[in-house]
Amino acid sequence: MPAALEVRGLTKDYRSPVKEPGLWGGVKSLFDRRYKDTRAVDGVTFDIAEGELVGFLGANGAGKTTTLKMLSGLLTPTAGTATVLGRVPWRREAAFQKMISLVMGQRSQLWWEIPAYETFRLNQAIYGLPDAVFKDQLEELTDLLDLGEHLTVPVKKLSLGQRMRAELAAALLHRPRLLLLDEPTIGLDVVMQKKVREFVKAYNRRHGATVMLTSHNMTDVTELCRRVIVIERGRLLYDGPLDRLVARYADHKIVRARFTARVDPADLAELGTVTACDGESAVLQVPRGRVALAAAALLRSYPVADLDVEEVDIDDVVRGLFSRPPA
Amino acid sequence: MKKYLVAYSIALQETLQRRSTLLMDRVGGFAVVLSLYSFWSALLGDKPSFLGYTRAEMMSYVLLINVLRAFVFTGRGWQTVSEISSGRISSYLVRPLSYHGYSLALDLAQKTVHVVSSFVEVAVLAWFVRGGVFLPRDPAAWLLFALSAALASLLFFFMEFMVSSLAFWTSESGGPLFCFDLFLQFAAGAFFPLDVLPAAVRRLLSATPFPYMVYVPVRVLLEKVSHAEAARLIAVEAAWLAAFALAAVALWRRGVRSYAAEGG
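The listed protein sequences derive, respectively, from chains A and B. Note that the first sequence covers residues 19 to 345 in the numbering used here. Note that the second sequence covers residues 10 to 273 in the numbering used here.
Treat the hints with care, as some may be off.
What the simulated footprint calls covered on chain B by chain A, stretch by stretch (three residues with Cβ under 8 angstroms from a Cβ of chain A suffice, anywhere in the stretch; the number is not a length) [to be verified]:
#, region
1, 53-65
2, 97-111
In silico DSS-like cross-links for lysine-lysine, where the CA-CA straight-line distance does not exceed 25 angstroms [what the hints assert, rightly or not]:
#, chain 1, residue 1, chain 2, residue 2
3, A, K153, A, K213
4, A, K153, B, K11
5, B, K56, A, K116
6, A, K175, A, K116
Note that these hints are calculated values from the structure, not bench results. From a predicted model like this one, the values you see are computed outputs, not experimental measurements. Glycine residues also receive a C-beta, built at the ideal position from the N, C-alpha and C atoms.
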């Protein structure tokens with residue numbers, strides 16, 4: 019399958035102006051600007067095939083949004099190249115813009131005072147969609163997103179969940195081949211999150227669209243993405259199958275034991291980190307290399323009735339990655 | 010082109026939807042005109058003319074201010090500023106759309122509503138003044154006035170756009186915009202005919218684009234200038250417009266570049 023995205027050494031330094039406070043400082047900095055450089059994205063390289071659905075993970079400030087902004091053409095990189103659907107995004111050619119869509123969960127393109135349908139009409143004109151195509155696509159989206167009567171109500175009267183779904187519909191009317199989703203389920207309740215996820219999956223399947231999504235919601239990632247790209251402090255940390263992320267980044271396994279007699283948690287501490295122990299059962303985190311030893315020691319020295327060794331939950335691994343401190 | 014027409018029609022709906030904002034805007038404008046009317050009535054007293062304006066001409070000036078405020082000075086500079094500083098501008102920059110064209114379409118929608126409303130207000134006031142209003146009989150005066158006012162409206166659009174673009178560089182561009190709006194109305198003659206000012210100030214102002222936004226179109230309609238002079242003034246106005254349009258587009262491009270370089 020041809021690559022939809024080819025990203026090579028993509029780097030972005032933010033030149034934030036060092037500005038004296040106040041209005042005069044602002045005017046002054048218009049003529050005499052001093053900058054401080056911060057590297058937000060640092061030599062990131064990856065390919066994404068057409069039709070792939072990839073999770074893009076990292077802690078706050080890791081550089082996810084900056085990368086998405088470069089790939090959608092909003093930001094010009096400091097160094098490196100990217101070809102997205104055969105084009106250089108930051109040239110912002112109309113032909114490119116018609117093939118992509120960027121949805122930021124915290125930003126809205128809908129007109130507030132009037133029904134969402136009017137924004138759709140505007141997007142129809144902006145993307146130059148013939149009436150028949152517009153009608154088709156609108157029907158499909160209304161159906162998939164369960165929008166129905168919400169389209170004729172002023173946007174300000176919609177709930178957050180309804181608004182987010184209308185937002186997605188507005189972003190997808192022109193049937194983009196690449197969808198960049200930045201935190202699409204942020205602020206939604208569990209039911210709505212599920213709806214949005216199912217929709218993204220269905221859209222990806224139905225149209226073979228490439229999807230790249232960032233999310234802090236673990237379920238979004240585990241349910242949607244088989245492949246994940248993890249960045250940390252602007253650098254690519256991992257690129258591969260989601261399940262292998264666990265083997266790679268969980269440096270320990272979980273050992274669960276049930277005992278026939280009471281056991282002192284303090285004694286167990288020599289085997290690993292005791293995360294739970296009520297005397298009759300215990301949960302331990304044991305470094306990968308010492309699992310066999312720990313299991314043997316448990317069986318040898320304690321009244322073990324039952325013993326389980328498990329991989330760490332994927333959510334915990336990803337959560338662990340997120341909680342690493344940013345630069 | 011169609012996208013801008015649709016934007017216009019949607020913005021028209023939205024302006025009408027925000028009835029209370031619209032009403033307050035109109036009441037505010039009406040209050041200005043009413044106070045100007047009372048002020049000039051008192052000043053004129055029994056005098057047949059003042060500063061070269063007859064009573065009827067002065068009343069026309071006051072009423073025209075209401076129409077020109079609606080037509081020239083209605084803009085969405087504040088929205089542009091807030092869209093830039095909140096980063097909402099991103100959602101326009103990723104779509105195949107010219108923000109200038111889009112803004113102009115939205116501006117025109119607001120202007121439409123305000124101008125229609127100002128016509129009604131002026132009709133009411135004119136009835137109140139009972140025939141004491143000067144209206145030219147020469148169709149050329151009307152034509153030249155329309156041309157001058159149309160250019161003034163565009164001139165304001167680009168000027169305001171330039172000032173709003175400062176939001177790309179400073180988070181406090183609301184300040185300049187506010188000063189700009191106030192100074193503009195003063196220097197354009199939207200509070201009083203510029204004839205009130207000392208000659209030196211008038212000369213100074215005539216070297217700026219500001220008087221072309223109210224004072225010049227009104228004088229054209231009141232036939233205070235010959236057709237030839239009106240044509241000359243309109244040519245100068247067109248030159249100002251071209252200069253500001255170019256500068257506004259250039260500043261905007263620089264702003265977008267810096268936005269792309271520094272992030273939003």
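>> Does K116/A sit within 25 angstroms of K175/A, going by the straight-line distance between their CA atoms?
In response: violated, 30 angstroms
> Are 3 or more residues of the region 97-111 of chain B near chain A, judged by a Cβ distance of less than 8 angstroms?
Replying inline: holds (count 8)
>> So if I understand the rule, the pair passes when the alpha-carbon distance is 25 angstroms or less; does K56/B with K116/A pass?
In response: violated, 66 angstroms
>> Please verify whether K153/A and K11/B have alpha carbons no more than 25 angstroms apart.
In response: holds, 18 angstroms
>> Next pair to validate is K153/A with K213/A; report whether the Cα-Cα distance is within 25 angstroms.
In response: holds, 22 angstroms
>> If you count the residues of the region 53-65 of chain B with a beta-carbon closer than 8 angstroms to a beta-carbon of chain A, do you get 3 or more?
In response: violated (count 0)
The structure shown violates the earlier hints numbered 1, 5, 6.
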